[in-house]
Amino acid sequence: MQEWIAKLNETFIESGYYKFMLEGLGNTVIITLGALLIGVIIGTLIAVVKYFAEDSKIMKPLAALCDVYVTVIRGIPVVVLLLIFYFIILTSAEGILVAVITFGINSGAYMAELIRSGLGAVDKGQMEAGRSLGMSKMQAMRKIVLPQAIRYILPAIGNEMIALLKETSVAGYVAVVDLTRAGNLTRNNTHDAVNPLMVVAVTYLLIVVVLSRLLKILERRLSGNDKR
Amino acid sequence: MISVKGLTKKFGSLEVLKGIDAEISKGDVICVIGPSGSGKSTFLRCLNLLEKPDGGTIIFEGDDLTSKNIDLNVHRRKMGMVFQQFNLFPHMTVLRNLTCAPVMLKKADKETAEAKAMDLLSRIGLAEKANVFPDKLSGGQKQRVAICRALCMEPDVMLFDEPTSALDPEMVGEVLDVMKALAGEGMTMVVVTHEMGFAREVSNRVLFLDEGVIMEEGTPDEIFGAPKCERLQSFLAKVL
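Residue numbers (the working numbering), protein chains in the order written: chain Y, 1 to 228; chain S, 1 to 240.
Derived from the structure by calculation, the hints contain no laboratory data. Just so it is clear, the structure is predicted and the values come from calculations on it, not from any experiment. Any given hint could turn out to be false.
[Unchecked claim] Straight-line C-alpha distance at most 30 angstroms; calculated DSS-like pairs for lysine-lysine:
{"id": "1", "chain 1": "S", "residue 1": "K110", "chain 2": "Y", "residue 2": "K137"}
{"id": "2", "chain 1": "S", "residue 1": "K52", "chain 2": "Y", "residue 2": "K57"}
{"id": "3", "chain 1": "S", "residue 1": "K68", "chain 2": "S", "residue 2": "K18"}
{"id": "4", "chain 1": "S", "residue 1": "K129", "chain 2": "Y", "residue 2": "K143"}
{"id": "5", "chain 1": "S", "residue 1": "K52", "chain 2": "Y", "residue 2": "K137"}
{"id": "6", "chain 1": "Y", "residue 1": "K124", "chain 2": "S", "residue 2": "K228"}
{"id": "7", "chain 1": "Y", "residue 1": "K60", "chain 2": "S", "residue 2": "K18"}
From just these sequences and the hints, can you work out the full model?
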C-alpha cells in the first residue's frame with residue numbers, strides 16, 4: 001500500500017504531471033459542456049422544424065434537410081467526423097474548438113430525436129388549445145408545449161451528456177489534451193504503465209456516477225411535479 | 001356573424017363533410033347533434049380552422065377565414081373554444097391558464113387580465129382555486145375553468161366540442177349550468193353535444209348532422225317535437 005502511494009506520488013506529484021492531468025480534465029469538461037450546449041440548440045431547432053412539418057407544407061423541405069443531417073451525422077463514427085473537421089473543414093482552428101464544434105454537431109443529431117419524442121409526448125390538445133386562443137404556432141410552442149416537454153426531455157439529455165463525456169475521450173486524435181490524452185502522455189513520460197490509466201478510468205467513472213445520481217434526483221423531482 | 005358555405009373536409013379518402021351550409025347570427029345558441037362519426041366535431045373544428053377545410057368558405061365577421069392572406073390568429077382570438085378533454089395547461093395555475101393568452105397577446109396588461117380572470121372565476125364559484133394547478137380540480141371544475149379561459153379573451157362566439165362527454169355524470173350539470181348562464185347573457189354559441197335536454201332547453205336552433213351533411217335543421221320544438229327525416233327519427237328514438 002505504502003509502495004503504491006509512493007509510486008503515485010512519483011508519477012503525478014513529483015513529476016508535476018498532476019497539473020497536466022488537471023488541465024486534461026478541464027478540457028474534457030469544456031468540450032462536454034460546450035458540445036452539450038451546441039447539441040441542445042441544434043437538436044431543439046431540428047425537433048421544432050420536424051414537429052411543425054407534420055402539418056405545414058413550407059416546413060417540409062426544411063424537415064427533409066434536417067433528416068439528411070441526422071442521417072449523415074449518425075452514420076459516421078465520431079472519430080472520423082472529428083478528423084474531417086480538423087483536417088478538411090476547420091483547418092485553421094484550434095483542436096479544442098474543433099472538438100467542441102464536432103461533438104456539438106454530432107450530439108445535435110441525437111438530441112434532435114430525443115427532443116422530438118419529448119415534444120410528441122405532449123398531448124396534441126395542448127397545441128390546439130393554445131392556437132384556439134389565438135397564439136401563433138411559435139408562441140404556443142414556447143409557452144405551452146416546450147415547458148411540458150422538458151419533463152420528458154431533461155432525463156434523456158442527462159443520459160446523452162454521460163455518453164458525450166465518454167465520447168470526448170477520442171479528442172486526442174486532433175491534438176487536444178483531454179483527460180484521456182493527458183493520462184496517455186503521463187504514462188509515456190513516466191514509464192508508469194498502470195496508474196495513469198487507472199486514474200483516468202476512475203475519474204471518468206466518478207464523474208459519471210455523480211452525474212447519474214444528479215439525474216436520478218432530477219427525474220424524481222420532475223415526476224413529483226407532475227401537474228396532470 | 002358566421003356564414004358557412006359549401007364546407008367540405010376529407011381525411012385521406014374519407015369524406016367527413018360533404019358540403020355544409022350554415023348561418024350563425026349574433027346571439028344564436030346552436031346545438032349540433034348527430035350520431036358519432038357524423039362529422040359534428042369536424043364541422044366545429046373547421047369553424048376556427050383547427051381543421052383545414054378542403055372546400056367552401058367560412059365568413060366570420062366579414063372576413064373569409066379560408067382565404068390565404070388572412071391572419072388566422074387575430075380571428076381566433078374572437079372565437080373561444082372549449083374541448084371535450086378540457087386541455088387546460090397542466091404546468092400553469094388556474095389563474096395563469098386564464099391570463100396567459102390575453103397577456104401574451106397584449107389584449108390586456110397583467111393586472112387587468114388577472115382582475116378579469118378573478119371576476120370570471122368567482123362567478124363560477126372557483127375563485128379560491130385560482131392558485132392551484134389543474135390536476136387538483138375535478139373534471140367538472142376543469143371544464144368550467146376551461147370555459148373561463150376562453151371567455152378571458154372576450155370572444156364574440158364560443159365553440160363547444162362535446163364539453164360534457166368526458167365528465168362523470170354527476171358533474172355534467174354544473175358545466176351545463178355555466179353554459180346556460182352564458183347563453184342567458186346573450187353569448188353566441190355553437191355547441192356540439194349529446195345532451196339532448198340542453199339542446200332542447202337552451203338552444204334556439206338545432207342542426208342534425210349525419211354522414212357529413214346537415215340532414216335537418218330547425219327550432220328545438222321542430223327537431224325534437226316533429227322530426228321529419230327518418231334518420232333523425234331513428235337517431236332520437238335511440239338517444240331519448
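Status of the hints after comparison with the structure:
1. Between S/K110 and Y/K137 the alpha-carbon distance is near 22 angstroms, which keeps this suggested pair within the 30 angstroms criterion.
2. A distance of roughly 13 angstroms separates the Cα atoms of S/K52 and Y/K57; the hinted pair therefore holds under the 30 angstroms criterion.
3. Note on S/K68 and S/K18: the hinted pairing holds, with a Cα-Cα distance of about 22 angstroms set against a maximum of 30 angstroms.
4. Annotation: proposed proximity of S/K129 to Y/K143 holds, straight-line Cα distance about 22 angstroms (limit 30 angstroms).
5. Proposed proximity of S/K52 and Y/K137 is supported: the alpha carbons are some 15 angstroms apart, at most 30 angstroms.
6. Using a Cα cut-off of 30 angstroms, the hinted pair Y/K124 and S/K228 is violated, with the two alpha carbons roughly 39 angstroms apart.
7. The hinted pair formed by Y/K60 and S/K18 meets the criterion: a straight-line CA distance of about 29 angstroms does not exceed 30 angstroms.
When each numbered hint is compared with the structure, a violation occurs for hint 6 only.
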